[in-house]
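Student: Chain by chain, the residues run as shown.
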Amino acid sequence: MTDLETYRAKAAAWCESMVPTFGKAARKGLAVEEDLALGRRYQKAKFDAGYAGINWPTDLGGQGLGHLEKITFEGEEMKHGFPNVYFGISLGMPVPVLMQFGSDREFVKERVLKALQGEEIWCQLFSEPSGGTDLAGLRTRAETDGNGWKINGQKVWTSWAQYSDYGVIVVRTDPTVAKHKGLTYFWVDMKAPGVTVRPIKLAGGDSHVNEVFFDDVKISDDHRMSPVGGGFAVALATLMIERYVATDSAGFGPHLDLFVDLAKEVRLNGRPAIEDGRIRQQIARNYAMRAGLDSINRRARLMMQAGMTPGPEGSLNKLVAVRSRQKLSELALDLQGTDAFAFDEHASLKDDWASSWINAPTGRIAGGSDETLLNTIAERILGLPQDHRPDKGIPFNQIPA
Amino acid sequence: MTDLETYRAKAAAWCESMVPTFGKAARKGLAVEEDLALGRRYQKAKFDAGYAGINWPTDLGGQGLGHLEKITFEGEEMKHGFPNVYFGISLGMPVPVLMQFGSDREFVKERVLKALQGEEIWCQLFSEPSGGTDLAGLRTRAETDGNGWKINGQKVWTSWAQYSDYGVIVVRTDPTVAKHKGLTYFWVDMKAPGVTVRPIKLAGGDSHVNEVFFDDVKISDDHRMSPVGGGFAVALATLMIERYVATDSAGFGPHLDLFVDLAKEVRLNGRPAIEDGRIRQQIARNYAMRAGLDSINRRARLMMQAGMTPGPEGSLNKLVAVRSRQKLSELALDLQGTDAFAFDEHASLKDDWASSWINAPTGRIAGGSDETLLNTIAERILGLPQDHRPDKGIPFNQIPA
Amino acid sequence: MSILYDEGQHAIATESRRALEGRVSKDDLLPLLQTSGRYHENFWTTAKEQGWTALALPEAFGGLALGLVELGLIAHQAGRSLSGAPFLTSSFGAAKAIELYGNDTQKARWLPGLASGETIGAVAFAAGPDPLPARPGVALKAGKLGGRAVGVSGGLFADVAVVFADEGGTSVLAIADLAGVARDAIDSFDNSRCIADLTFADTPAETLVTGEAARTAALHILALQAVVTAHEQTGGAEALMETARDYALTRKAFGQPIGAFQSIKHRIAELYGLVELARANAIHAAAREEQDDFIIAAAAARLSATEAYDTAARDCVQIHGGIGVTWEIGLHLHIRRSRTLALEQGSSFFWEDVLVDRLAGGAA
Amino acid sequence: MSILYDEGQHAIATESRRALEGRVSKDDLLPLLQTSGRYHENFWTTAKEQGWTALALPEAFGGLALGLVELGLIAHQAGRSLSGAPFLTSSFGAAKAIELYGNDTQKARWLPGLASGETIGAVAFAAGPDPLPARPGVALKAGKLGGRAVGVSGGLFADVAVVFADEGGTSVLAIADLAGVARDAIDSFDNSRCIADLTFADTPAETLVTGEAARTAALHILALQAVVTAHEQTGGAEALMETARDYALTRKAFGQPIGAFQSIKHRIAELYGLVELARANAIHAAAREEQDDFIIAAAAARLSATEAYDTAARDCVQIHGGIGVTWEIGLHLHIRRSRTLALEQGSSFFWEDVLVDRLAGGAA
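Protein sequence lines, in the order shown, are assigned to chains A, B, C and D. So our numbering is basically just the index in the first sequence, starting at one, shifted up by 7. So our numbering is basically just the index in the second sequence, starting at one, shifted up by 7. For the record, in the third sequence the residue sitting at position 76 is 73 according to our numbering, with numbers rising by one throughout. For the record, in the fourth sequence the residue sitting at position 35 is 32 according to our numbering, with numbers rising by one throughout.
Since the hints were derived computationally from the structure, they do not count as laboratory data. Check before you lean on any hint, since a few could be wrong.
[What the hints assert, rightly or not] Partial list, computed: chain B residues near chain C (C-beta under 8 Å):
1. R292
2. Y294
3. G299
4. S302
5. M311
6. A313
7. A385
8. L391
9. D394
[To be verified] Simulated pairs of lysine-lysine, PhoX-like, Cα-Cα distance not exceeding 20 Å:
10. B/K399 <-> A/K399
11. A/K357 <-> A/K86
12. A/K225 <-> A/K157
13. A/K17 <-> A/K77
14. B/K51 <-> B/K17
15. B/K399 <-> D/K249
16. B/K35 <-> B/K86
17. B/K121 <-> B/K31
18. C/K23 <-> A/K208
19. A/K86 <-> A/K35
20. B/K51 <-> B/K121
21. B/K208 <-> D/K23
22. B/K198 <-> B/K157
23. C/K249 <-> A/K399
24. A/K86 <-> A/K31
Quick reminder that beta carbons are idealized off the backbone N, C-alpha and C, glycines included.
Same shape as in the complex, but just chain A (with noise of 0.2 Å):
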């Protein structure tokens, strides 16, 4: 065995003996307070056995190790459905980004280990009501107040907000030069007077997304994390981290198998469903854009471990795989007809098919429309001509609402 075989091997030992305590069956019921109760303890129980912040450094109590074994780890968990959930944006990027930008290096490594043991969680205060593709056109703003800041505005998706602790904050501190580059990033205490939460209930009954107000909500000089003025190339680095975070060629939504599996037991047509050749079709059309998916995401793990940079064709994968995602649920209601019907709302997105299905468009939205990301792909990987923005260098006062 390699060493990443090994590894490999410990890792999924260890994820098997977490599961009487943590996996699908423990969770079953619970209310989310009780479910984020038990994500704390179970992301206490990943720092002590060395699963937390795998590949971070040592000194900010992480392993040292790298990408592969953690993208390794990675793939041992998602098997089963553990409380995870809370910590991935937290531990995804903002405390990544504070690692790379908080000056306040006693006050990072602080933070670092209560985030890594579950004990305290960061979320990502970027969108705005006015902007959801259009992050440079933020209006929360902040005006020098003594030596510090104060904070004016509002934003919004922002998730897991109602339980967090800190929050990273990009806001416009100059309103009188092009709009990008007026920004500024910070970071807040989520529980400092004039922050209100409020919860956004989504589409398919759940409320992990947020409004977050913010009413003369003063900070100090040291929460800046950016020059003033240059918050949006910090903005754009914590974006770029997001494109790491582990891909999945099922769109996070059930493994073809399952499909297959429904095929097998339904009738269609007087005829099991699976031989029938739409369904065959879909089979195999998913099945082949998911394997090209699945090794391109091999072919970056080689590269990285061979020391290379992977090629931009990783971008696909949010794109293809969340869009088919959504039409493959939809057949897979067709196929059960009337038995259908029936709806469980806390099913999970993994296994059920209504869940994955009215869940989709949440999918295809967050992180990155599909516009956006075609845009982002013939712009930034096929160099073709940016669309037409009227707002480009126009001092951001002086766009027309």
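Chains B, C and D: place on chain A using the hints.
Tutor: Below, chains B, C and D alone, put in the same frame as chain A:
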């Protein structure tokens, strides 16, 4: 029987009687020039029988009947594959525009009569190499020359120009104003000195379109059919007429019955293809789409009959039907496997899948690409904003090339 | 569309639209999702008051003797404003089965109530994936029904059901009073449809049609309902297309309305095409009720309408971005409804097969 | 892609691209369309000179002992520049059949010529719609072949064919010298493929495999060829995607490059996605030649590649507008080739069935 049913029956009988002389069998193996000569005789026969210019005024040689009689006759006529393709554009757009905008009425009458009898053919000189979808961006220019004008420049995609006696043309007479304001509309003698026609061979092998070069072509001012600078409006009127040219829910390709027949003949995965869900799905989806288009067309006819203006949904035919014909033709080839290789360049689009397939791209582009049609629907019907057009309002000679 | 609506029909469209827009709103509909066993009573009261329940039934039994074209107009408007109960279609289906295949006693017993809307009808043909099973899950024996009908829309409140059942190996279309029948409410993603599993146990039932004719009759009833549903789906798709357009005109990104971006405007233009094709096929099918080609026309209408509503639901949300997936904006009411209606009268797979069997002369 | 190309493999890609770009152009290829019975001799000479014919064959018979991965690299480049003859795939298929299932005498007789390219091989399995018919159209009886193999790519010039035939009701894979066999050139939409109907009449042939094993062997050969073809299709799709991008950058409408319109730029971005998925699957399949899951990987590669090339051919022309459908610009060479390659190793229908049979454990 209603009057219209009587009319249809009579038209059907006449068409039947023409089959021995002008039908598919009679045309088989003819060179293009021979087929054109046959076509001229057919057009004369139509004129003599009272089926040319059905809805045109009687003082110009027409029959003075309605649009309904016209499309009724055409419905019968199209069943037989007569050699009428050479006169479709001539009598469809330029000659009607001449009737409407030609100033010398004696001249107009003479031309219309000759065109109706197949003696003369008119073409329409609009598109230019620099801009397929951007009519107002044309560069061919006419400068004043004594009392008349002198034309220089190049047109392209001009159907049947090589057999045309006359053409209508839009040219730029003032490059110093915004691009759609400096255009003027003329007719030209295609045999005049300085006119050069060069056929363009198309992907499918035929050459019905041409490049036309104008080199100091002199015309007198009575050739003018619009105010100076007012040519864009007349050009648009021509294009509006184009919309009402006969529609075909088969996208000008084979009827769906032929696909059903094919699916009954061939076997797929060990069973007749007609039993395969993939094939059934294509048949059903195409049937539903075409049935919808047919219903829209029938309703438009009923509205005209009732003296009303048909709705804008008639514009869907070209977009939807031709695009889907392309894929259906591909599938038909797939179904034939290695039998599909045998290819007859002269086979008919209406009953040969390979011919339909290889000419489909031309069909999708001619008369407005998908993108242009979608823009038109979005802007004209739904009121969505125009795309960004950087050249809007800028004097033509100041637009960067 | 091979008919032109006449003045009376235009009036029905206008009047029903006005009535529904005033009385049904997403604020009423959203709470219904979170509980099973409730429907939008105001919607159903409106339907009864306006005579929509009576519309397509014979005058002799309190009906208005109009037809599928007129009922389609109502269904279109109900689709636009998201009707709050499934009975318009299910009661119509049950009533038509009784009108076409019942005897005078049966008609006299059930049709007046169904016409007034006081009686609610259900149609229980499907067995899970199969809208018209070769071997139904409910059996008729000596005038009594036994077995389970799964996922019956409106079943929770229906007084009478037309049931597709098995009687000693042959099919039978039967009618049953549901008074004593056990119903289990299904918690569905679209709860105002009042979907229930019906458990028949020695339930008295009367035969309407038996044998191969029962299958033909059941398909005819299903097709009638499918045409009503196609209008409802087209209405829903149309409303979503308009919502998407309105949003694209007002919402700005990068300094211009998002409707100026071709990815958005072309998507909406494609929806326009799907809606118009669905509309044309739905109206055509409604006008062919009495003709030989009715099943073909109904299948085409059903397929176009399902495609239009499914696509519009997907795309309208996508055009809205984040706001589109919030509970409060209520677009998910259409997402849910589009899927319910896609399943209720048989999936697209079923109608594709029905259509192709007829186009190909019965192959497969 | 589950392998990374090594340095040698990168060199093969670069070198073959350079060789082909210098020697094959649309000006050579266009005239070949208008006559049957001619191929691009310079392409084939290059293939022989560069050792591409020998690439994946054993050293003992003059081969270079490289594999499908390397041959795939060549095929990708041939697809980019539109190869002028089909023999790279057909000779490889015939050679592999002989290498894997032939005896020493057969190998010694045929492989050296196939490796040098002096001998041209063909594979005659299909009967019209069926790439691997249950009852082949050619029969083997007492060591002689009779019957007609329809639409054999390369058949017009092949010296030897591997034939899937019927022998008294069971399948057989046989090898036949084509010296005396009658060939009728097919006038096709892609004439440089040298497609012919082969009429066998008392043609001596030797058996390679019989019975169920013959079918398995034939599918394996078809899969090997499909993987080579998938690379060629991916290359063609990639070239079209790049052509579309380049055109969108230079062509202007309404005062800006048409690539600034989202309908154009998103279409090209979608092509990018299709090409990368096809590439990933093709390389993966090539690397799985010796593994249990080879047929699955080959089927996935084949499906992705066909979709990518078909779509790229449709869209690239559409993006070009009128100029795209002219004879001279030559995009129709890709339109034609995309369809030829989609048909040559069995249509997508066939490979969908092959794939699903395996994923579902042999159902249907």
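Student: It remains to establish, for every hint, whether it holds in the given structure.
Tutor: Now for the hints, and whether the structure bears them out:
no.: 1; hint: R292; result: holds (7 Å)
no.: 2; hint: Y294; result: holds (6 Å)
no.: 3; hint: G299; result: holds (3 Å)
no.: 4; hint: S302; result: holds (4 Å)
no.: 5; hint: M311; result: violated (11 Å)
no.: 6; hint: A313; result: holds (7 Å)
no.: 7; hint: A385; result: holds (4 Å)
no.: 8; hint: L391; result: holds (4 Å)
no.: 9; hint: D394; result: holds (6 Å)
no.: 10; hint: B/K399 <-> A/K399; result: holds (18 Å)
no.: 11; hint: A/K357 <-> A/K86; result: holds (10 Å)
no.: 12; hint: A/K225 <-> A/K157; result: holds (4 Å)
no.: 13; hint: A/K17 <-> A/K77; result: holds (13 Å)
no.: 14; hint: B/K51 <-> B/K17; result: holds (18 Å)
no.: 15; hint: B/K399 <-> D/K249; result: holds (14 Å)
no.: 16; hint: B/K35 <-> B/K86; result: holds (16 Å)
no.: 17; hint: B/K121 <-> B/K31; result: violated (25 Å)
no.: 18; hint: C/K23 <-> A/K208; result: holds (15 Å)
no.: 19; hint: A/K86 <-> A/K35; result: holds (16 Å)
no.: 20; hint: B/K51 <-> B/K121; result: holds (10 Å)
no.: 21; hint: B/K208 <-> D/K23; result: holds (15 Å)
no.: 22; hint: B/K198 <-> B/K157; result: holds (15 Å)
no.: 23; hint: C/K249 <-> A/K399; result: holds (14 Å)
no.: 24; hint: A/K86 <-> A/K31; result: holds (10 Å)
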